[in-house]
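6 protein chains.
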Amino acid sequence: MTFIFRSTLMRNRSFWLPAISAVRTMSSQTGPTPPFSTLSVSRPVNAVTHVELHRPEKRNAMNRAFWSEMVECFNQIALDSECRAVVVSGAGKMFTAGIDLMDIASDVLQPGGDDTARISWNIRRIISKYQETFSVIEKCPKPVVVAVHGACIGGGVDLITACDIRLCTQDAWFQVKEVDIGLAADVGTLQRLPKVIGSRSLVNELALTARKMYSDEAKSCGLVSRVFPDKDAMMAGALELAGEIAGRSPVAVQGTKINLIYSRDHSVAEALDYMATWNMSMLQTDDVMKSAQAAMEKKNPKEVPFSKL
Amino acid sequence: MTFIFRSTLMRNRSFWLPAISAVRTMSSQTGPTPPFSTLSVSRPVNAVTHVELHRPEKRNAMNRAFWSEMVECFNQIALDSECRAVVVSGAGKMFTAGIDLMDIASDVLQPGGDDTARISWNIRRIISKYQETFSVIEKCPKPVVVAVHGACIGGGVDLITACDIRLCTQDAWFQVKEVDIGLAADVGTLQRLPKVIGSRSLVNELALTARKMYSDEAKSCGLVSRVFPDKDAMMAGALELAGEIAGRSPVAVQGTKINLIYSRDHSVAEALDYMATWNMSMLQTDDVMKSAQAAMEKKNPKEVPFSKL
Amino acid sequence: MTFIFRSTLMRNRSFWLPAISAVRTMSSQTGPTPPFSTLSVSRPVNAVTHVELHRPEKRNAMNRAFWSEMVECFNQIALDSECRAVVVSGAGKMFTAGIDLMDIASDVLQPGGDDTARISWNIRRIISKYQETFSVIEKCPKPVVVAVHGACIGGGVDLITACDIRLCTQDAWFQVKEVDIGLAADVGTLQRLPKVIGSRSLVNELALTARKMYSDEAKSCGLVSRVFPDKDAMMAGALELAGEIAGRSPVAVQGTKINLIYSRDHSVAEALDYMATWNMSMLQTDDVMKSAQAAMEKKNPKEVPFSKL
Amino acid sequence: MTFIFRSTLMRNRSFWLPAISAVRTMSSQTGPTPPFSTLSVSRPVNAVTHVELHRPEKRNAMNRAFWSEMVECFNQIALDSECRAVVVSGAGKMFTAGIDLMDIASDVLQPGGDDTARISWNIRRIISKYQETFSVIEKCPKPVVVAVHGACIGGGVDLITACDIRLCTQDAWFQVKEVDIGLAADVGTLQRLPKVIGSRSLVNELALTARKMYSDEAKSCGLVSRVFPDKDAMMAGALELAGEIAGRSPVAVQGTKINLIYSRDHSVAEALDYMATWNMSMLQTDDVMKSAQAAMEKKNPKEVPFSKL
Amino acid sequence: MTFIFRSTLMRNRSFWLPAISAVRTMSSQTGPTPPFSTLSVSRPVNAVTHVELHRPEKRNAMNRAFWSEMVECFNQIALDSECRAVVVSGAGKMFTAGIDLMDIASDVLQPGGDDTARISWNIRRIISKYQETFSVIEKCPKPVVVAVHGACIGGGVDLITACDIRLCTQDAWFQVKEVDIGLAADVGTLQRLPKVIGSRSLVNELALTARKMYSDEAKSCGLVSRVFPDKDAMMAGALELAGEIAGRSPVAVQGTKINLIYSRDHSVAEALDYMATWNMSMLQTDDVMKSAQAAMEKKNPKEVPFSKL
Amino acid sequence: MTFIFRSTLMRNRSFWLPAISAVRTMSSQTGPTPPFSTLSVSRPVNAVTHVELHRPEKRNAMNRAFWSEMVECFNQIALDSECRAVVVSGAGKMFTAGIDLMDIASDVLQPGGDDTARISWNIRRIISKYQETFSVIEKCPKPVVVAVHGACIGGGVDLITACDIRLCTQDAWFQVKEVDIGLAADVGTLQRLPKVIGSRSLVNELALTARKMYSDEAKSCGLVSRVFPDKDAMMAGALELAGEIAGRSPVAVQGTKINLIYSRDHSVAEALDYMATWNMSMLQTDDVMKSAQAAMEKKNPKEVPFSKL
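Residue numbers (my numbering), protein chains in the order written: chain A, 4 to 312; chain B, 4 to 312; chain C, 4 to 312; chain D, 4 to 312; chain E, 4 to 312; chain F, 4 to 312.
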């Protein structure tokens with residue numbers, strides 16, 4: 004991990020539950036974490052990495068830098084054995100206004116090429132690169148909790164559907180915006196949203212009309228699993244949830260994420276076969292004995308000192 | 004398009020929102036649109052085609068003519084560049100009573116053939132043909148909003164699960180009827196219903212017991228995305244919704260439908276690849292610029308004059 | 004069927020609806036049905052087999068015997084032409100506490116083998132065998148209704164997600180427990196739960212944090228399709244539901260189960276093709292005529308005497 | 004079947020083996036069979052339909068008419084219960100020179116559309132239509148033997164890879180021509196050729212360099228299963244082979260073709276499941292008894308009078 | 004392993020290469036090995052199990068007993084840690100005449116059932132059972148070498164395509180016989196043959212015409228990898244080949260078989276993922292060190308004492 | 004492209020056919036091209052990149068540097084618009100001796116980790132990384148011709164099966180070596196070899212026995228498409244072949260490679276759909292007109308000046 008955590012001091016704190024102070028620390032950050040210009044990365048509590056979209060003055064719009072930095076950031080997190088769970092949120096007034104069209108226009112709209120085929124070739128390359136920006140969240144074996152307040156528009160929906168657990172505030176709203184600017188959403192929403200919520204009629208309505216969906220509907224349709232009254236409460240909840248995950252065996256947790264994603268894309272029979280092949284080694288972890296002993300001693304799993312993964 | 008629209012005069016109307024008068028026009032139709040004998044086809048508002056099941060005296064039961072006419076009708080719609088969205092509903096007291104067993108019996112129950120294998124061969128051909136009756140809805144790239152009032156039984160459920168957005172009235176009810184007549188539903192319900200709503204336990208219960216499901220349960224399980232107090236309100240809502248869709252870039256809208264259906268049947272990785280390959284040309288549409296400009300000028304996307312597709 | 008039903012006398016009863024007496028009979032069983040040591044098998048009403056997890060003093064924990072007996076039991080049920088629907092429930096205070104770690108430890112934790120590869124090889128064989136314990140429920144073509152009261156923990160969730168219809172009592176709760184003991188759930192939960200309920204965020208939260216989910220959330224997310232005030236009411240409801248299923252054409256019902264499971268694991272186009280190929284023979288059943296005639300005579304399908312399957 | 008067979012008189016011939024006279028009859032045809040302008044259709048021997056590409060003066064180049072007529076022709080053959088096997092060959096000096104670029108240019112190169120996206124949309128529709136021209140051969144359940152003499156270029160390779168059995172003359176050669184005219188072959192060669200022959204290195208070489216492959220290499224790589232010294236010998240051989248197929252149970256033969264194609268596109272486990280579901284009805288054919296009896300009586304299967312399918 | 008090996012004395016022989024005497028021993032067996040009535044099972048050389056079809060007086064025709072015994076036999080072999088490779092061959096004048104129609108007729112042709120659907124249901128169950136007879140060969144992780152002399156007809160082709168390596172004598176011939184008796188081959192040939200040889204045209208010709216294929220064509224098309232002048236030479240070759248396999252690390256060999264079969268049924272990307280997951284434990288075997296050391300010491304891998312698997 | 008071509012002077016040569024002098028130039032290279040330590044990269048003729056495994060004193064054994072450098076090299080080639088085709092060969096006495104076990108042992112055999120699960124986790128990461136070393140060849144859209152002389156062992160087979168066209172010298176031999184060192188081949192051979200040659204029996208024999216296969220068998224089974232008498236002749240042939248490819252439209256050639264690989268991993272129907280979606284833009288290339296005009300003027304496609312891609 005090459006980036007510097009702001010809250011290094013907190014790393015040695017012996018308790019897990021995020022205090023209000025932790026949340027306050029998170030809120031008081033004043034800028035992105037170098038070398039990033041759009042992300043602020045910190046470790047508010049032990050083993051939990053907080054990635055904050057941090058262009059509040061631009062409503063966290065996704066500019067060219069953002070698309071690269073997310074990849075770099077999550078590739079680092081994937082290899083960071085100190086991190087066992089991730090919280091993603093947005094700085095300022097809203098989660099994100101989506102793609103920063105002005106900044107990105109030259110990239111996407113003037114892709115270069117002598118004829119239609121060559122222009123198409125370059126556009127495809129760019130789309131694939133942008134898709135990777137959110138796919139890294141999925142490829143990262145550490146579970147990612149995303150906490151949404153205010154608006155989550157366009158690219159924001161692509162982002163959150165690639166996360167594992169979605170939370171939001173009462174004032175949050177979601178909008179699959181792409182049809183309003185003349186294109187079919189192409190960096191993940193059309194692929195993941197239908198597998199994330201249970202009502203296909205609703206998915207189609209959202210994607211075809213670009214209408215806003217508010218927090219209550221987001222909860223009842225299952226897009227988010229919890230709604231909080233305000234951002235502070237949500238951040239405390241997100242950290243607690245991430246802390247619960249981070250406190251458990253990383254072998255168990257990360258194997259669970261990997262196999263849940265595998266299941267989504269395969270038949271039950273294939274996914275069972277993969278699972279058995281996965282666990283033939285993973286069951287040999289010492290974590291099973293440590294966890295079982297803790298259970299017998301009525302200890303909280305989070306008190307068990309698991310080795311790094 | 005060879006069929007004659009009753010509401011040709013309305014085609015030049017400069018406004019989009021369906022007025023009550025439009026809905027009244029729809030209600031006042033007195034028979035099917037030739038050459039169809041079971042369907043009434045009209046264009047109540049600009050760019051929206053209304054397909055009405057129109058055998059009200061037979062509770063819109065699906066007779067032999069119906070199975071062919073749906074294919075012809077949606078193949079025409081697929082090629083009709085004037086149409087950008089479709090509303091399907093039923094004339095009379097209910098949406099549909101399902102298959103017209105009497106009319107269809109000779110076809111299905113006496114398929115011809117000298118021995119069991121040959122009879123089976125012919126039955127399979129007939130089932131495949133009947134499946135096509137609803138698959139054309141899915142293959143048609145224009146989004147289809149279905150509006151259900153009263154009963155939606157048997158074949159009606161096969162039909163609506165092939166549509167993109169489902170609405171219903173407060174008095175609507177749904178019934179997967181097939182087990183009651185001794186057969187496993189074979190023209191789409193068992194294939195699409197589980198991918199349309201989120202509770203598999205409920206899907207199984209409905210399909211295995213043939214019990215009725217009423218509008219409130221249909222809403223809470225996600226089968227429909229909205230419930231309206233009565234048919235007039237629903238038809239106004241359906242037209243407004245279809246109008247919202249029809250007012251947006253057809254390149255964006257139809258690409259969205261095609262890719263949403265592709266996603267349902269493929270892994271996320273495959274669907275992302277297909278999406279990138281799709282959009283390498285589609286992003287080169289002028290509609291992006293037109294839409295972006297309208298957005299900057301705070302115009303409604305529906306005011307943008309998109310070219311035909 | 005080699006096992007002896009306790010309620011043989013009931014087999015000839017001419018009515019279907021389960022009376023309270025039937026439920027009482029079920030409750031009064033005092034032990035497992037030989038040769039089983041963990042399961043009590045009976046036929047409380049016509050054509051419905053009741054399989055009860057029966058180690059109440061051990062909270063129906065799944066010991067080594069259980070894993071084998073389930074396979075034997077459901078293989079028998081699959082071939083038992085007298086049985087057309089199954090109810091699964093738990094004896095005593097709760098549905099099940101999940102895997103009996105103590106009993107099973109020697110099997111899983113000391114699998115034998117000279118080196119890591121050989122140990123892994125043996126673990127994989129064991130996991131595959133344990134997966135089969137629940138997959139037999141799915142392979143059995145008779146629909147399985149599971150009725151959960153009290154706790155349903157760990158292996159219990161693996162079990163119920165392999166059943167077709169899920170019911171529970173008001174006091175029921177569910178827990179994907181595996182991460183708490185240091186392992187990724189490997190006998191079905193991670194593969195089936197996401198295909199059983201509509202909210203992926205919730206699935207991930209449950210599997211990654213091992214938190215309890217109570218009956219109201221289980222209902223709203225679609226895990227169960229009905230909640231009952233207490234166990235007696237639930238068992239009466241389960242028997243009635245199973246009776247409804249058992250009363251219909253077994254050709255229709257079992258073909259429906261097989262094709263619903265096929266649909267889950269295939270694209271719509273593939274599943275439609277399979278369905279047409281399935282029904283090319285199954286539509287030739289006499290049950291269609293019998294059912295149609297009953298419908299015309301306004302009879303309940305359950306009064307129709309269908310041949311054995 | 005609406006088209007008129009030239010050789011109706013031959014239909015009642017009691018023997019199967021194609022005589023030289025039959026081949027001569029085939030050779031003496033002087034023009035296409037109305038309503039076709041590019042195909043000559045006849046029945047040289049019982050139950051075998053001969054489809055001849057018939058624009059000899061244009062080297063059987065595939066013009067606009069051809070692309071439609073093939074679909075119409077094979078759809079008729081699929082339903083023609085008199086036909087049990089098909090032979091495809093080319094009239095004149097060669098099998099086919101491939102696509103008739105001049106005739107087809109306006110269709111493909113000026114597809115219409117106001118912007119790149121709309122042009123792309125129309126091109127995709129055209130390609131899909133052209134793909135169907137060869138896919139109908141595969142969807143037709145009657146086996147298709149193709150007999151190639153002289154050149155088989157471009158679209159010709161697309162055509163023959165969709166047939167079931169390939170024969171050629173000593174002087175035949177094959178060329179995947181598309182890269183030479185600046186495009187990736189898009190109507191079947193890239194999809195089917197790799198599944199038709201065993202050497203991937205050779206497939207790639209042919210498709211990437213557009214080099215010619217002669218009959219000896221075509222035989223050794225498995226593209227064709229037999230090479231004949233000249234066209235007359237090949238046509239006699241093709242008719243004999245088709246006659247062998249046509250003489251066997253159509254239930255067996257057509258079920259074999261359908262399942263062989265299914266196997267190509269599925270895993271072994273899935274294909275076995277489909278096969279069992281297919282044969283659960285097809286094994287009930289009388290043809291099994293008729294064939295078994297003929298076998299016991301040492302009769303040739305071709306002497307058994309099977310019912311139409 | 005419950006069956007008794009005839010050649011127990013040979014088990015301790017310190018050398019590997021099968022001597023002519025071993026082959027002679029194999030030939031001198033005079034009957035099936037109890038409890039089998041159709042199979043003779045022995046261990047001619049260390050770690051190699053020889054399964055001989057043993058109904059020579061009936062040309063090794065596959066009767067009802069055979070279909071069950073193969074399953075039992077290969078399930079035992081799968082668990083027999085003494086066995087590391089298998090040779091399958093036929094006693095008497097030929098490999099096998101295929102299904103014993105007389106013996107099996109009552110099973111398949113009179114499957115029971117009150118109507119067409121119920122008969123179909125039972126036929127499907129029987130076909131699935133018969134398919135399993137050959138699928139066990141594939142599921143058994145020990146490589147299976149099949150050695151064919153004389154005729155290999157019908158069910159024989161189903162059998163050998165499920166084996167891993169195919170050898171034959173100069174006088175061998177193969178025949179996909181099923182169309183001659185009025186049915187589509189349904190226990191494996193249509194599913195496996197196209198994935199076993201490279202020429203699809205040839206596969207189709209064989210399956211659609213039931214013509215014989217002789218050893219030279221079988222070699223050139225890749226069905227067999229070696230042809231031997233006579234049975235003695237072939238058996239010596241088969242034992243040598245099996246001995247080569249049996250002498251290598253069972254972790255390596257059996258992992259290779261499992262992953263080769265996985266690859267056949269999956270995309271390259273999926274198969275690579277599975278392979279990595281497989282080897283994350285299997286690479287931890289001591290066999291790697293033992294093998295590497297042997298290699299450095301220029302020893303034959305077969306001299307390395309690997310632990311049982 | 005950041006690496007320096009040795010043969011820059013040759014870039015402007017106006018002719019295509021590789022002269023003996025070009026081959027000589029290639030042979031006279033004396034070391035790897037910085038920054039690479041194991042690869043020598045040059046451009047012997049226009050638009051063709053030559054990648055030479057260059058550790059001749061170590062028999063081109065694949066050391067740690069190699070595994071990274073291949074990825075870097077082919078990622079550069081993928082983006083290098085000057086390059087349209089690639090030739091891969093080996094410097095010195097043989098193509099490659101495979102993995103450099105000594106150099107790589109610490110990486111693979113001591114992967115780090117506190118328990119079996121953590122060691123497994125790290126091994127999986129390493130295998131995935133190594134798999135990528137050859138998958139980049141496949142992901143690179145420029146066709147890759149591989150030219151093998153002398154030995155091609157272990158990792159060498161993994162490498163060549165990921166290339167598009169395989170050539171070899173008369174003295175070449177191939178060996179799937181992995182079982183000899185106690186492991187199942189895990190970086191591509193088991194996944195790609197069965198899809199590269201047509202005889203599954205042979206694939207299994209090679210992979211399970213580690214026996215050598217010589218050039219004549221490699222040719223007859225289709226592993227290589229041509230055999231040359233010696234290395235000079237082969238290199239001249241490889242350059243000519245690559246030149247033929249490089250001289251054609253890059254839109255056509257690279258689209259062909261991408262779709263051929265897509266076809267391998269999908270059903271025909273899916274691959275046709277992808278192809279149509281691909282070509283809806285690619286057919287709009289100017290290359291079609293340029294190529295068609297050249298064809299009419301009887302020019303060689305290689306004389307057409309295509310724009311960069």
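Think of the hints as simulated: they come from the structure by calculation, not from any bench.
It cannot be assumed that every hint is accurate.
Identical chains share a label here; the pair holds if one copy fits it or two copies do between them.
To be verified - Okay, derived cross-link-like pairs now, SDA-like style, lysine to any residue, Cα gap no bigger than 25 Å in a straight line:
1. Lys302 <-> Ala239
2. Lys142 <-> Tyr265
3. Lys132 <-> Arg229
4. Lys142 <-> His269
5. Lys132 <-> Leu112
6. Lys311 <-> Ser40
7. Lys132 <-> Asn303
8. Lys142 <-> Pro59
9. Lys305 <-> Trp176
10. Lys293 <-> Glu135
11. Lys293 <-> Asn49
12. Lys61 <-> Arg267
Right, here's what the structure says about each hint:
For the identical chains of this complex, lysine 302 and alanine 239 are intra-copy neighbours only, at 23 Å inside a copy versus 40 Å across copies, given an alpha-carbon limit of 25 Å. Both within a single protomer and between protomers do lysine 142 and tyrosine 265 lie at most 25 Å apart by alpha-carbon distance, with minima of 11 Å and 22 Å respectively. In this assembly of identical chains, the alpha carbons of lysine 132 and arginine 229 never lie at most 25 Å apart, being 32 Å within a copy and 37 Å across copies at closest. Taking the shortest Cα distances, lysine 142 and histidine 269 sit within 25 Å of each other both inside one copy (16 Å) and across copies (18 Å).
For the identical chains of this complex, lysine 132 and leucine 112 are intra-copy neighbours only, at 15 Å inside a copy versus 31 Å across copies, given an alpha-carbon limit of 25 Å. Taking the shortest Cα distances, lysine 311 and serine 40 never come within 25 Å of each other, neither inside one copy (30 Å) nor across copies (34 Å). Neither within a single protomer nor between protomers do lysine 132 and asparagine 303 lie at most 25 Å apart by alpha-carbon distance, with minima of 42 Å and 31 Å respectively. In this assembly of identical chains, the alpha carbons of lysine 142 and proline 59 never lie at most 25 Å apart, being 27 Å within a copy and 38 Å across copies at closest.
Taking the closest pair of Cα atoms, lysine 305 and tryptophan 176 come within 25 Å of each other only across two copies (22 Å); inside a single copy the shortest separation is 34 Å, beyond that limit. In the homo-oligomer, the alpha carbons of lysine 293 and glutamate 135 never lie at most 25 Å apart, since the shortest distance is 37 Å inside one protomer and 28 Å across protomers. For a Cα distance limit of 25 Å, the shortest separation of lysine 293 from asparagine 49 inside one copy, 20 Å, qualifies, whereas the shortest one across copies, 43 Å, does not. Taking the shortest Cα distances, lysine 61 and arginine 267 never come within 25 Å of each other, neither inside one copy (35 Å) nor across copies (35 Å).
In terms of the numbered hints stated before, the structure departs from hints 3, 6, 7, 8, 10 and 12, listed from lowest to highest.
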